[in-house]
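Counting from 68, one number per residue, gives the positions in the sequence shown under the working numbering.
Hints may contain errors.
[As the list claims (entries may be wrong)] Below, computed lysine-lysine pairings styled on PhoX-like, alpha-carbon distance capped at 25 Å:
| id | residue 1 | residue 2 |
| --- | --- | --- |
| 1 | K270 | K253 |
| 2 | K344 | K370 |
| 3 | K344 | K332 |
| 4 | K270 | K370 |
| 5 | K323 | K408 |
| 6 | K408 | K370 |
[What the hints assert, rightly or not] The calculated label-pair distances, taken between Cβ atoms and stated as ranges, are:
| id | residue 1 | residue 2 | range |
| --- | --- | --- | --- |
| 7 | I331 | E164 | 54 to 60 Å |
| 8 | T268 | G401 | 23 to 29 Å |
| 9 | I331 | G401 | 30 to 36 Å |
Hints were generated in silico from the structure; no laboratory data involved.
Because the structure is a prediction, the values reported are computed rather than measured.
Built from N, CA and C at the ideal position, the CB exists for glycine as well.
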Amino acid sequence: MSEAPLRPEALLIEAVRAIEVNRRRMAVVVTEDGRLRGTLTDGDIRRHLLAGGSLESPVSKAMNQNPVVAEDGFGAGYLKDMMRRGNVLAIPLLDKEGKFVRMVHLLDLEEEEQSATGSSFAFAVIMAGGEGTRLRPLTASIPKPMVEIGGVPLLERQIRRLAQAGIERAYLSVNYLSHVIEDYFKDGQGFGIEIRYLRETVKLGTAGALTLLPEVPSGPIIVMNGDILTTSDFASLHSFHASHDATITIAAIDHKVDIPYGVIKSEGHLVRELVEKPSERFLCNAGIYAVSPEALRRLPADKFVNMTDLIDACLREGMPVAVFPVHEYWNDIGTVSDLQKARAHFAKLEIIK
């Protein structure tokens with residue numbers, strides 16, 4: 068396997084061969100004196116070809132000329148934060164003179180950390196007691212998490228993803244039409260995971276239900292709402308939580324809000340700037356959490372407590388709460404429109420298969 072840097076004048080046909088033998092499918096482009104010029108992936112090459120380019124073109128025509136970079140010497144946690152913020156899977160590391168030192172890959176960092184700290188949560192808890200009133204009449208006879216997407220209940224999709232991430236046990240917090248869920252999943256045999264149930268006789272909220280757990284976890288647990296459909300990497304969430312020594316880590320999605328008007332920025336009565344129809348981006352709660360045992364000890368018994376209440380309590384005590392950006396597919400199945408979008412998404416996947 069060769070991961071030698073490419074020269075800007077090299078032909079793309081040569082770059083294709085270099086990327087094919089590269090474990091992470093990415094190459095760096097440097098000048099003769101070792102200075103970084105850019106990075107190149109198979110996606111960059113495909114975009115070049117789609118734009119009418121040729122494999123006989125030089126690498127400089129297709130490469131990313133402004134990659135996210137970092138100075139060599141930073142720790143794994145800092146580098147992973149940079150990659151997630153920049154939505155990239157690898158970062159070239161440079162020396163103080165701007166010369167290329169090595170490429171660091173997100174997957175390599177996570178594999179190293181998982182081998183050292185373990186890659187799995189102690190167990191999972193899914194809040195599956197929702198009535199789904201906005202989805203009626205679909206939820207008149209089944210709980211909201213049992214609504215089907217691509218012929219498979221939403222809750223089953225969650226459980227199978229947890230099992231794929233190496234999680235061996237899941238607690239389902241049930242209330243509304245709980246027998247439908249318990250009759251379907253039973254003890255989890257056939258789903259690749261042991262399933263137990265937390266039965267709410269009164270509503271306790273997304274965090275209060277955790278007081279029903281019959282065991283104290285040996286390490287962090289993953290808690291998620293039962294109406295979330297996602298392909299997020301739970302093993303990566305675990306390693307992120309561990310590497311940042313967080314009490315709670317909130318998975319978050321990037322959400323853009325388009326303002327349909329010209330926005331006036333002013334100081335007193337004087338206009339400083341007029342921005343026409345701007346867009347604002349926010350990190351929003353994705354309904355998935357990594358929770359350490361010390362956070363659970365702060366839960367009052369037999370009281371309605373939402374996860375946001377628990378997070379606020381941890382913040383007031385100065386306990387570290389981290390945010391984990393989710394760049395994979397995510398959908399909160401709250402309305403019929405959300406459900407239709409999710410079904411359309413999975414229908415496309417089936418067509419591709």
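| Given the hinted pair K408 and K370, is their alpha-carbon gap at most 25 Å? | With a Cα-Cα distance of about 36 Å, the restraint between K408 and K370 is violated, given a limit of 25 Å.
| Outcome of range test on Cβ distance (T268, G401; 23 to 29 Å) | Holds: the Cβ-Cβ distance is about 25 Å, inside 23 to 29 Å.
| request: For the pair we were handed, K270 and K370, check the Cα-Cα distance against 25 Å. | output: Holds - the C-alpha atoms of K370 and K270 are around 9 Å apart, at most 25 Å.
| Does the structure keep K270 and K253 at a Cα separation of 25 Å or less? | Holds, because 22 Å separates the two Cα atoms, which is no more than 25 Å.
| Satisfaction of hint between K408 and K323, Cα-Cα up to 25 Å | holds, 18 Å
| said: Just to be sure I understand the hint, the distance between the Cβ atoms of I331 and E164 should be within 54 to 60 Å; is that true here? | reply: violated, 46 Å
| task | For the pair we were handed, K344 and K332, check the Cα-Cα distance against 25 Å. | result | holds, 13 Å
| field | Outcome for the supplied range 30 to 36 Å, where the beta carbon pair is I331 and G401 | value | Given about 33 Å between the Cβ atoms, the range holds.
| query | CA of K344 to CA of K370, is that 25 Å or under? | reply | Not satisfied, since the Cα-Cα distance of roughly 44 Å exceeds 25 Å.
The structure fails hints 2, 6, 7 (numbered hints given earlier, in ascending order).
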